[in-house]
Amino acid sequence: MTLNRRDFIGAGVVAAASLSAPMVLGAGKPRVVVIGGGPGGATAAKYIAKGSKGAIDVTLVEPSRTYYTCFFSNLYIGGFRTLSSIAHSYGGLAVNYGINVLHDWAVGIDRDAKTVSLAGGAKLPYDRLVLSPGIDFVEASVPGWDLSQQNKMPHAYKAGSQTELLKAQIESMPQGGTFAMVAPPNPYRCPPGPYERISMVAHVLKEKNPTAKIIVADPKPKFSKMALFQEGWADHYDGMIDWVGSDFGGDIVEVNADEMTVSIDGEVTKVDVCNVIPGMKAGRICELAGVNEGNWAPVIGHTMQSRLDESIHVLGDSAAQGDMPKSGFSANSQAKVAAMAIRGALTGSKVFPAKFSNTCWSLIDTDNGVKVGATYEATDEKIAKVDGFISQTREDSGLRKATYEESIGWYAGITSDMFT
Amino acid sequence: MRFTTMAITFWAVLSGAALCDETATAIGDADRGAKMFKRCQSCHELGEGAEHKVGPHLNGIFFRPAATFDDYKYSKGMLAAREGGLVWDIDGLSRFLEAPRETVPHTKMSFHGMRKERDRNDLLAYLRIFSDNPQNIPEAAPTARKVEVVLTPEILAIVGDPEYGEYLATECSTCHQVDGAFDGIPTITHWPAEDFVIAMHAYKEKHRPHPVMQMMAGRLSDEEIAALAAYFENLE
Numbered sequence: 001m002t003l004n005r006r007d008f009i010g011a012g013v014v015a016a017a018s019l020s021a022p023m024v025l026g027a028g029k030p031r032v033v034v035i036g037g038g039p040g041g042a043t044a045a046k047y048i049a050k051g052s053k054g055a056i057d058v059t060l061v062e063p064s065r066t067y068y069t070c071f072f073s074n075l076y077i078g079g080f081r082t083l084s085s086i087a088h089s090y091g092g093l094a095v096n097y098g099i100n101v102l103h104d105w106a107v108g109i110d111r112d113a114k115t116v117s118l119a120g121g122a123k124l125p126y127d128r129l130v131l132s133p134g135i136d137f138v139e140a141s142v143p144g145w146d147l148s149q150q151n152k153m154p155h156a157y158k159a160g161s162q163t164e165l166l167k168a169q170i171e172s173m174p175q176g177g178t179f180a181m182v183a184p185p186n187p188y189r190c191p192p193g194p195y196e197r198i199s200m201v202a203h204v205l206k207e208k209n210p211t212a213k214i215i216v217a218d219p220k221p222k223f224s225k226m227a228l229f230q231e232g233w234a235d236h237y238d239g240m241i242d243w244v245g246s247d248f249g250g251d252i253v254e255v256n257a258d259e260m261t262v263s264i265d266g267e268v269t270k271v272d273v274c275n276v277i278p279g280m281k282a283g284r285i286c287e288l289a290g291v292n293e294g295n296w297a298p299v300i301g302h303t304m305q306s307r308l309d310e311s312i313h314v315l316g317d318s319a320a321q322g323d324m325p326k327s328g329f330s331a332n333s334q335a336k337v338a339a340m341a342i343r344g345a346l347t348g349s350k351v352f353p354a355k356f357s358n359t360c361w362s363l364i365d366t367d368n369g370v371k372v373g374a375t376y377e378a379t380d381e382k383i384a385k386v387d388g389f390i391s392q393t394r395e396d397s398g399l400r401k402a403t404y405e406e407s408i409g410w411y412a413g414i415t416s417d418m419f420t
Numbered sequence: 421m422r423f424t425t426m427a428i429t430f431w432a433v434l435s436g437a438a439l440c441d442e443t444a445t446a447i448g449d450a451d452r453g454a455k456m457f458k459r460c461q462s463c464h465e466l467g468e469g470a471e472h473k474v475g476p477h478l479n480g481i482f483f484r485p486a487a488t489f490d491d492y493k494y495s496k497g498m499l500a501a502r503e504g505g506l507v508w509d510i511d512g513l514s515r516f517l518e519a520p521r522e523t524v525p526h527t528k529m530s531f532h533g534m535r536k537e538r539d540r541n542d543l544l545a546y547l548r549i550f551s552d553n554p555q556n557i558p559e560a561a562p563t564a565r566k567v568e569v570v571l572t573p574e575i576l577a578i579v580g581d582p583e584y585g586e587y588l589a590t591e592c593s594t595c596h597q598v599d600g601a602f603d604g605i606p607t608i609t610h611w612p613a614e615d616f617v618i619a620m621h622a623y624k625e626k627h628r629p630h631p632v633m634q635m636m637a638g639r640l641s642d643e644e645i646a647a648l649a650a651y652f653e654n655l656e
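If you read the protein sequences in the order shown, they are chains A and B. Numbered per the working numbering, the first sequence spans residues 1 to 420. Numbered per the working numbering, the second sequence spans residues 421 to 656.
Note that these hints are calculated values from the structure, not bench results. Be aware that one or more of the hints could be misleading.
Within a straight-line C-alpha distance of at most 27 angstroms, the following computed BS3-like cross-link-like pairs (lysine-lysine) qualify [said to hold, decoys possible]:
| no. | chain 1 | residue 1 | chain 2 | residue 2 |
| --- | --- | --- | --- | --- |
| 1 | A | K152 | A | K53 |
| 2 | A | K222 | B | K473 |
| 3 | A | K336 | B | K566 |
| 4 | A | K222 | A | K401 |
| 5 | A | K270 | A | K53 |
| 6 | B | K473 | A | K350 |
| 7 | B | K493 | A | K222 |
| 8 | B | K493 | A | K355 |
| 9 | A | K355 | A | K53 |
| 10 | A | K206 | A | K158 |
| 11 | B | K473 | A | K336 |
On a predicted model such as this, the values are computed, not experimentally measured, just so you know.
The whole structure should be built from the sequences, with the hints applied where relevant.
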């Protein structure tokens, strides 16, 4: 038999656990509170509860009773998915794993007392806290826009009613009208997301409103899968999309929600729909917990523990972890590492070396999917990319269709991994 | 009491081993690399606003195929290297820096080469800062080197039998040219035995991709891999 690295470390931890476990267990059932029920939090809650078989008390705090995945919400805009097909409930986590699901807002964290305060008034004690609140927006990131204008100029970057609103606005655009997007600065949730969205908007307009125009003002000079998207836009939506990167003034933007105008490098355009995706930061609870440095919460890659508080793990979009993109896939991958580390710390279960991966699929048009993926390893400094792949330009239609079908399989897989 | 002591010793030995294992290592020491770059900067610019000088600027060099700036006049040697598929990844850059004129004959880079691997690694760690960040562009070049599967001393200590290896190697030579020629399929001749063992176990454990090699290595025992390693290491 080959004794590989995993067995090797696992054995060490078991031996260590036999010494320390009685102390931990003697203090009563350890408690984990998870804040945020997305791909990071739901996955972590499930894997902690499932792996510990009732030895750890897990509470999941998530305000929404129905969770709409951000991933695949662009496909809803494009008409490839229904809204109900990206909606999920938390019943499975309660029923199958005994997770205590609280639909409430976490409004404060006392790191000394190790308690979480909820808007409803309750205080939850924890031994380990998992923060996976996703993103919030940086104030004044786009001049002229703030959250009070999200109905006139939706961000649709937290899925649900905002996504429905944006889709409805696109579908009621006048013939030959103009759709504008203000794309976000780095780093942000889902690097290819804005450009998949442009593809989906173009797909809708090509059918219903073929003389309409799309303008993208981008504060960046380049973006993920750029060659693939630009090839796809030229092939499928020729002449419809005008992407203005920062080399051409795309970073000098101002919007006016009352006038429905967008100014790009001083040139003012009247638009019919304006999708403003502002700059992003860690969900506000990270700031309240005091685990941020700048806009994000730095973590140790081996365990996803906050670098500022070893009792707190930060997952997904909120974490400053290194090379992984902010994506649902990444959050799900990080959650499994954190769950393993938390179980190891609280019950002495085996701990293996952290392994991370990510793949982002994007849909350009019907049956035309592309993907980018990578594997990552934790170093003491960060989570580092070690290998990867990306779809190529000029791939044949069979491969693109297979890639799209693979993404549908992935969606079914990850949502099942999160919720059932 | 005796059990406890033993358990502590056991734990200390194992966790000590685990602590020095990392599944990835940084390319090098970027701070030291910044100092090494002083040797390059009389010809190459780097950082915000960098432009071509005697040599092309080095922003975004990682994962760029060789000789792809339209506004820089490359040597014929570098253009030929581009035709040959040279891409500036960690290994490509390291090979070029080690011996520029041997790696790309007729390059006009008048630099004799950086012989020490550590120097090259540190310089590359510094250069890597000025290429895309995978957090924002997931397809950007890696920022660390993967450490291959870590094996126990017992497996590495197996001394392979070269004669058995020679017999087993007949299967390898269907694809790999035993004289070390490289023609689309990598050479496996004259590899240090330890590297060979690590690579084969990585295929066997499916830590390295490639379906054929996973299949081939998957059915080899530890002794067989050691024997092959011993054979290829010392092949005349």
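Okay, the hints, checked on the actual structure:
1. K152(A) x K53(A): violated, 48 angstroms
2. K222(A) x K473(B): holds, 24 angstroms
3. K336(A) x K566(B): holds, 20 angstroms
4. K222(A) x K401(A): holds, 26 angstroms
5. K270(A) x K53(A): Judged against 27 angstroms, a Cα distance of about 58 angstroms means the pair is violated.
6. K473(B) x K350(A): It is violated: about 55 angstroms lies between the C-alpha atoms, which goes past 27 angstroms.
7. K493(B) x K222(A): Holds - the C-alpha atoms of K222(A) and K493(B) are around 25 angstroms apart, at most 27 angstroms.
8. K493(B) x K355(A): Violated: K493(B) and K355(A) sit about 43 angstroms apart, past 27 angstroms.
9. K355(A) x K53(A): Holds. K355(A) to K53(A) sits at ~23 angstroms (cutoff 27 angstroms).
10. K206(A) x K158(A): OK: K206(A) and K158(A) at ~26 angstroms, within 27 angstroms.
11. K473(B) x K336(A): The hint is violated at about 49 angstroms.
The earlier numbered hints that this structure contradicts are 1, 5, 6, 8 and 11.
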